[in-house]
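Chemist: Protein chains in written order, with our numbering: chain A, 1 to 138; chain B, 1001 to 1590; chain C, 2001 to 2597.
Quick caveat, the hints were computed from the structure, so don't treat them as lab data. Some hints here could point you the wrong way.
DEER-style ranges, computed between Cβ atoms [to be verified]:
1) B/P1102 <-> C/N2490: 23 to 29 Å
2) B/F1186 <-> A/S19: 56 to 62 Å
3) C/G2268 <-> B/K1044: 39 to 45 Å
Keep in mind that this is a model prediction, so the values were computed, not measured. The beta carbon of each residue, even a glycine, is placed where N, CA and C say it ideally should be.
This is what each chain is made of:
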Amino acid sequence: MTKIKSLADLKKMKDNLQSKIALREKSDSPEGRVIIKVAMATCGIASGSKEVMEYLVDELDKRNIDAIVTQTGCMGYCYAEPTIEVALPGQEPVVYGYVDTKRADEIIEKYIRNQELVEGIIPMNYQTIEKDKEGGKA
Amino acid sequence: MEMIKLNIDNRTVEVEKGTTIYHAAKKLDIGIPTLCYMNLGDLKIEHKPGGCRVCVVEVEGRRNLAPACATECMDGMQVQTHSIRVLNARKTVLELILSDHPFDCLICAKSGNCDLQDMAIKMGVRSIPYQGEKSTYKPDFSPAIIRDMDKCIMCRRCETMCNDFQTVGVLSGVNRGFEAVVAPAFERDLDHSECTYCGQCVAVCPTGALTEVDHTTQLIRDLADPTKKVVVQTAPAVRAALGEAFGLEPGTLVTGKMVAALRRLGFDYVFDTDFAADLTIMEEGTELLGRLTRFLEGDKEVKLPMLTSCCPGWVNFFEYHFPDMRDIPSTARSPQQMFGAIAKTYFAEKIETKRQDMIVVSVMPCVAKKYECTREEFKVDGNPDVDYSISTRELAMLIKRSNIDFNRLPEEEFDSPMGESTGAAVIFGTTGGVIEAAVRSAYEIHTGKQLEKIDFEQLRGIEGIRSASVDFDGLEIKIGIAHGLGHARKLLDDIKAGKSEYHAIEIMACPGGCVGGGGQPLHHGNPDIIKARQKAIYREDMNKPIRKSHENPSIIKLYEEFLGEPMSEKAHQLLHTHYFDKKQKDVLLD
Amino acid sequence: MAKFKMHMLVCGGTGCRASASDVLYENLKKEVQEQGLQDDVQVVTTGCFGFCEKGPIVKVIPDNTFYVSVEPKDAQEIVAEHAIKGRRVERLLYVDPTNKKQIPDSKGMGFYKKQIRIALRNCGLIDPENIDEYLAADGYEAMGKVLSEMTPEEAIQEMIDSGLRGRGGGGFPTGIKWQIASKVAGEQKYVVCNADEGDPGAFMDRSILEGDPHTVLEAMVINGYCIGATKGLIYIRAEYPLAINRLKIAIDQAREYGLLGTDILGSGFDFDVEIRYGAGAFVCGEETALIHSMEGERGEPTFKPPFPAQSGYKGMPTNVNNVETFANVPVIYNKGAKWFASIGTEKSKGTKVFALAGKINNVGLIEVPMGITLREVIFEIGGGIKDGRKFKAVQTGGPSGGCLTDKHLDTPIDFDNLLAAGSMMGSGGMIVMDEDDCMVAVAKFYLDFTVEESCGKCSPCRIGNKRLYELLDKITKGQADKEDLDNLRNLSGVIRDTSLCGLGQTSPNPVLSTMDNFMEEYLAHVDDHRCLAGVCKDLIRYEIIPENCVGCTACARNCPVNCIAGERKQLHTIDQSLCIKCGACLEKCKFNAVEIV
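Chain A extracted, bound-state conformation (with noise of 0.2 Å):
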């Protein structure tokens, strides 16, 4: 193994060491983050939810956008798979459905970005996983 030989070669390694523990990190202080859930199930998996968590993944580091992508069960939209909640900071969680890449990338630059809501929200007095399980006080 090589030596670290200076404190700027540690800063170095550290750079790309922090993807390791990043995502521990961010979700152990998820205020002010991004938070995208999307929905796993089989209907969405079926829907190919499965890439488009991976783009989200993908895309949102490579923007430089600091949010946490967590997959949740189905979310009871199954005729909208693939489906995802968006929370922004101090906000109440918009839920898009029919979410391909092309409409990620969307949501993204536009309501992630900019707050500009965008095409495809399931408009409905919905009810995320956690908000029935607290007994839907929402």
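With chain A fixed as given, assemble chains B and C onto it according to the hints.
Modeler: Positioned in the frame of chain A, the structure of chains B and C alone reads:
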């Protein structure tokens, strides 16, 4: 040196920076009591573990009480040595120590001479509110020292003597908490340890935890037996210390009274180990000259420096710790053993007594002597040359027990022939004395000239390691002196490393030599006592008409009548010995 | 390099390992492999999460799902449900004991809400056996900064400014300690890490060493640079095999990267670390005793001064800090002294790790800001008292500390407040007691410990603590009188006043604080021969309540000494002369027919 001022019991005192509260108080004649603290000044032995906590004092601004023995003075410090808080704490601590101590004071070997007993008297302890379990241990009876750890108060003075001063390393703290006690490794008996029986642990023990094996009962029985001729020999250092047991100033010489007392006790012959010391010089001095001559003639095999061999603690030490060097010490037996060998042959013949009917007792400042006389090589058909040895303390006790008013005794003379001795023999009792005695004779024998000045001041002193050279008419003899086995170890390490320049080295195990022996009246931590005894020894030497061993007429006669000449075959048989490798002794597998 | 979308963090601390978390880890790994998810899901062993009550813990990232009491056989379900289907395995979620609700996310747990993790920042976050993960978490950056950009004086000043105080119990300002050691000249100075954690129930140092060993190494290098020491020694008890193993791995890895050794990061500064093993003596947590133990001497304290900074290991200037203290050091340099000093109270800065134990719902390891109240710790983080019982006291500071009561619940916790309340911070043990605990028996329990652990060097500690124990024993047996209570108090005061080291100076604290706060319990034992909590065996009787006994024979069948007589469906009776008061009858009775009187 930076001086600081502080206030103790509302009085101001100025002391050097670094002084402890204990010593600062002493300057004001305030004696703070201690049980563990010990400072042997010039001997450079200071023991301050801060363990007994009897010396605690109140220091203003400090949360808890401070041990005076270990706390350094600070400028402007306000100290109270007898506030209510201090007195209560001190007494409670003492009560705690007593609560874990047997209440057999009346029959304890140390009774009347015990620091703990003194302290209880001083503090006015009348009851012990804290009762509970007491520590109990199996007593350990070795040939010389008895350990009764039920009486140990964990002052750890013995450890300092055994480990730091003697570097023998037998005694150390074992176990934890209430079970903590001082013991040899694996809590074995002393007999299964590397103990040299130097007895310095006994000499500093404040209680009855460490005492010497007591032979007085045996002695009384033998004195009362009409079929036995009981012969006593007394070592030189005894006469310089025995008086202390009878309230005399340290350093008072009591040779004549001691002889009178021994006679009244009923000994048939009162002799002097000094006679045998002169004999030792004849043998050892001749051996040294022999080795020197061979060395000067270019003999590469000859072992130099030659080491003295009169001290039994020292002999045990090198047998355990430097067995590969056991061909370096002189083969001469110690004066005690030479005396025994001559008494049970030459003198027994003279008085027409059979060996079995003669009891040879020695009075020694030493506890290792008790072990030495039990060595197998000093027995003939199972009968020891010296039957047993009692310490100076035992003799004092015996005198008191026999209703003898020691201080009113007349001065009497030793019996002849084995009571005759020279000044050279007397100084065997102090560090530097054996080698000075040897030099006095060796010089005259080697050069054939009379000494102009008998006193070799360069060999005297109290430093742990000393070196000097003596001009043998053009031949420079380099001499090393060590007392304390730790100091001896340093000289031995040098020899081992080939760095030693000495021709002869004198070693004594105890601080100050035999005057500070483990069998002497207790010095209770006062080194001045040891120095006063040393001075007394040199005084006795000055007073002797003959001061060189080879001029002792009884010795000359002994060679003429019996031994032939020094190092003769007979002398070898009776007066020389050999040493053992005790490292191999199954110390760990008994 | 695979870009993992999901991390499964499996606790690899000693507690969870004892419940087979290592097997669980293997199973999860195998399952992920079998499902072909090895590029998506990373399974990692981490240090302790602190929630030891419900171990083994598995935390799933990024959704922060917190699984508790996970068994090795649960691996398949976790992978199948959570990793593949994105559904939480609900039966493994934590249930809040107060409202019986499932809490999926660690963020939602009361246990974590008020915690600030500085010393424990990496525990439960990174793989302690992988230096790369430590580097990713800003590892060794503080060291790099100090070595390359700061003078020792500047670095010491930063430490002084942070206000960090020693976490081992003493609370001495760390920066000042470093400054003193830096000013004493010596040819070979030493940095010593005190990892001889000996308080019963305290395990923060072990957790840090197991979960984040590099942080200690990094701090030791910084410390060495500050005081001019090139050698570091970690004194760790041999009873901590996992911590030792992880330390060894960490040391090897740091050496390979050149983060230990010569010319560290091109700064010209050399430093290396060795491990020394202790045999587990409580007193060896005292720094002079620790040093003697490392020197091969008997583990006994010696009088200070000289302090280790003046004459320590092998007579050389030595700085000794405890593990938790060191764990704070890198963060202070990374985030700044000001940031650190903004946390905590005026005189106690930063956080403190506590080991919560006793009659409390959430047993475990927590890190909270100084100044938090006992109430917040016990009732919010700790989830309150078990089985809805009533809070009685909390013992802080281990055997050296005291018992605090409900009147102290709103006292902000810091070094000085705890001391003023008659207890102490100690190393951070916190044992909660409820109405079923007898405070005399509690004091006796601690004295039993100090009697065992005293080194025996000084008389008051060696004999005094034994006598204290014996007096307490007498009281719990109903054999003591009022005079014994006076003696108990006097003796406690003298031991505190005269003992040589901190062990003896604090050992009477459990007695004094319980006497101060629960005198009525002492008096009940002495005057009425009664133990109010029903704990002291010699003062209680088990009796059968005739109205409730249905004669089911359960008590009689379970009595180990067969002292309960009675036919089926008939009233049972206990022969008091034979009863050993084990309590088995009370435990087995389903009809509340056994009582303690």
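Chemist: Tell me if the beta carbons of B/P1102 and C/N2490 are separated by a distance inside 23 to 29 Å.
Modeler: Once the Cβ atoms are compared, 24 Å apart, the range 23 to 29 Å for C/N2490 and B/P1102 holds.
Chemist: Taking the CB of C/G2268 and the CB of B/K1044, does the distance hold inside 39 to 45 Å?
Modeler: At 43 Å between Cβs, range holds.
Chemist: Is 56 to 62 Å respected by the C-beta to C-beta distance linking B/F1186 and A/S19?
Modeler: holds, 59 Å
Hint compliance for this structure: every hint is met.
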